[in-house]
Amino acid sequence: MILHTLNRSPATSRVYQQTLDAMASEDRLLLIEDGVQGALPSLSPLFGELSGRLYVLQEDVISRGLEERCDPSIHVVNVDGFVLLTEEADKIVSWF
Amino acid sequence: MRYALLVQGSPYSNQASHSALRFSHGLIARGHQLATVFFYHDGVYNAARLALPPQDEPHLVDEWRELHVRQSTELLVCIASGLRRGIVDEQEASRHGKTGHSLEAPFELTGLGQLIDAGLTHDRLVTFAP
Amino acid sequence: MNDIAFNRLLVVLRHGPHGSSWLREGLEVALVGAALGQDVSLLFYGEGVTALLKEQQVGPLAQKGTQPMLEMLPMYDIESLWVDAEALATYDLTLDELVVPAKEVGRHEVSDLFQRHRLVLNF
Numbered sequence: 335m336i337l338h339t340l341n342r343s344p345a346t347s348r349v350y351q352q353t354l355d356a357m358a359s360e361d362r363l364l365l366i367e368d369g370v371q372g373a374l375p376s377l378s379p380l381f382g383e384l385s386g387r388l389y390v391l392q393e394d395v396i397s398r399g400l401e402e403r404c405d406p407s408i409h410v411v412n413v414d415g416f417v418l419l420t421e422e423a424d425k426i427v428s429w430f
Numbered sequence: 057m058r059y060a061l062l063v064q065g066s067p068y069s070n071q072a073s074h075s076a077l078r079f080s081h082g083l084i085a086r087g088h089q090l091a092t093v094f095f096y097h098d099g100v101y102n103a104a105r106l107a108l109p110p111q112d113e114p115h116l117v118d119e120w121r122e123l124h125v126r127q128s129t130e131l132l133v134c135i136a137s138g139l140r141r142g143i144v145d146e147q148e149a150s151r152h153g154k155t156g157h158s159l160e161a162p163f164e165l166t167g168l169g170q171l172i173d174a175g176l177t178h179d180r181l182v183t184f185a186p
Numbered sequence: 013m014n015d016i017a018f019n020r021l022l023v024v025l026r027h028g029p030h031g032s033s034w035l036r037e038g039l040e041v042a043l044v045g046a047a048l049g050q051d052v053s054l055l056f057y058g059e060g061v062t063a064l065l066k067e068q069q070v071g072p073l074a075q076k077g078t079q080p081m082l083e084m085l086p087m088y089d090i091e092s093l094w095v096d097a098e099a100l101a102t103y104d105l106t107l108d109e110l111v112v113p114a115k116e117v118g119r120h121e122v123s124d125l126f127q128r129h130r131l132v133l134n135f
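Residue numbers (my numbering), protein chains in the order written: chain S, 335 to 430; chain H, 57 to 186; chain F, 13 to 135.
Quick caveat, the hints were computed from the structure, so don't treat them as lab data. Everything numeric in this text was worked out from a predicted model, so none of it was measured. Glycine is no exception: its CB is placed at the ideal position from the N, C-alpha and C atoms. Errors might be hidden in some of the hints.
To be clear about the criterion: a stretch of chain H counts as covered by chain F if any three or more of its residues have a C-beta under 8 Å from a C-beta of chain F, and this derived list gives those stretches [unchecked claim]: (1) 120-127; (2) 165-172.
Computed far set for chain H versus chain S, every beta-carbon distance over 10 Å [stated by the list, open to error]: (3) S69; (4) R105; (5) D112; (6) E113; (7) P114; (8) L116; (9) Q147; (10) A149; (11) S150; (12) E160.
All chains, full assembly: derive it from the sequences and hints.
Following this line, the structure appears as structure tokens:
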């Protein structure tokens, strides 16, 4: 299982499409930095195929004032959870 | 686990350095070792000796130094990326006839082979990019 | 690790020449990896396929294009070159127009490449 991280908002960049195409059926995706915008209900359907395998980094959500605005079906993890995700993955691939 | 980080973003220009430092503290808190940080692309500016951020902002260069003190983390700066961007240690400066230098210990200039070695020998490699 | 089933290093190139240093710096990683005896694969993904255009020229301040580096790949025994078929279509390119020979990979096969390499570096 690969953990992918994405730091681009799907509203401004198509990198998310490259990311999704590179993901295998067990892989997980963590949205970080500006990528957390992808957790907004208006954008989260773009990641619909990942149900249960999509995560968003809490600190980056909070610092952007988006905490109450995220799609509740997305797993919210803090930095401790980010580290745990890297422990569980065979390798990590970053998209930017 | 032994972790390596690859940092490719310039400090104070984008979030990559902040994210990498936050992740560093997180992995240490979970009992892992941050063995190596490799700075590549614009990440080499993280080693800028003369960085002078305002006092109410985090001092990113000092935060990297602090990790070296705590964990003996190797702070490796790609020599090819660094020299192009004016990030040089005393030895390289004098070799090229320049006065002054912009990089000092615990940061060290090194080749890209060290990045590949870190990626293949550490348990995890995590990239933070602009 | 299971080195028989896994290739060692996959370098993913997602940028074209001149606009940024990502392509050059990604290629440098691949060349150094190969020089160190590692088994290196390259994937030209998305805009990265434009790195393979034969008609590349020097930049505005005479900075070198990446074509000379690409021509060095066979000398470094980097023969596993993959190119994103969908991106070839996007940029109106065909395989026989590329500066070095590469194999097409469909978007559904890209994830296999990622799984099959021990270390993946994305540029």
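Requested in this report: Run the C-beta distances from E160(H) to all of chain S and say if the shortest one exceeds 10 Å.
Outcome: It holds; E160(H) is separated from chain S by about 29 Å at its closest Cβ, greater than 10 Å.
Query raised in the report: Q147(H) clear of chain S by more than 10 Å, beta carbon to beta carbon?
Result: 32 Å, holds
Query raised in the report: Far enough from chain S: is every CB of that chain over 10 Å from the CB of R105(H)?
Result: The claim holds: R105(H) sits with its nearest Cβ about 27 Å from chain S, beyond 10 Å.
Query raised in the report: Is the nearest CB of chain S more than 10 Å from the CB of P114(H)?
Result: The claim stands: P114(H) keeps its Cβ more than 10 Å from every Cβ of chain S (closest is about 13 Å).
Query raised in the report: Taking the closest pair, is the beta carbon of D112(H) still more than 10 Å from chain S?
Result: 16 Å, holds
Query - Beyond 10 Å from each Cβ of chain S, as asserted for S150(H) - result: Label holds. Min Cβ-Cβ 36 Å, cutoff 10 Å.
Query raised in the report: Can we confirm that no CB of chain S comes within 10 Å of the CB of S69(H)?
Result: 13 Å, holds
Query raised in the report: Do at least three Cβ atoms from the segment 120-127 of chain H come closer than 8 Å to Cβ atoms of chain F?
Result: violated (count 0)
**Report entry** Distance rule for L116(H), whose beta carbon must clear each one in chain S by more than 10 Å
**Finding:** L116(H) clear of chain S: closest Cβ-Cβ about 16 Å, beyond 10 Å.
Query raised in the report: Can we confirm that no CB of chain S comes within 10 Å of the CB of A149(H)?
Result: 32 Å, holds
Query - chain F over the segment 165-172 of chain H, status - at least 3 residues with CB closer than 8 Å - result: Our answer is that it holds, as 5 residues pass the Cβ test (under 8 Å) against chain F, meeting three.
Query raised in the report: In terms of Cβ atoms, is chain S entirely out of 10 Å range of E113(H)?
Result: About 15 Å separates E113(H) from the closest Cβ of chain S, which puts it past 10 Å; holds.
Of the numbered hints stated above, the single one contradicted by the structure is hint 1.
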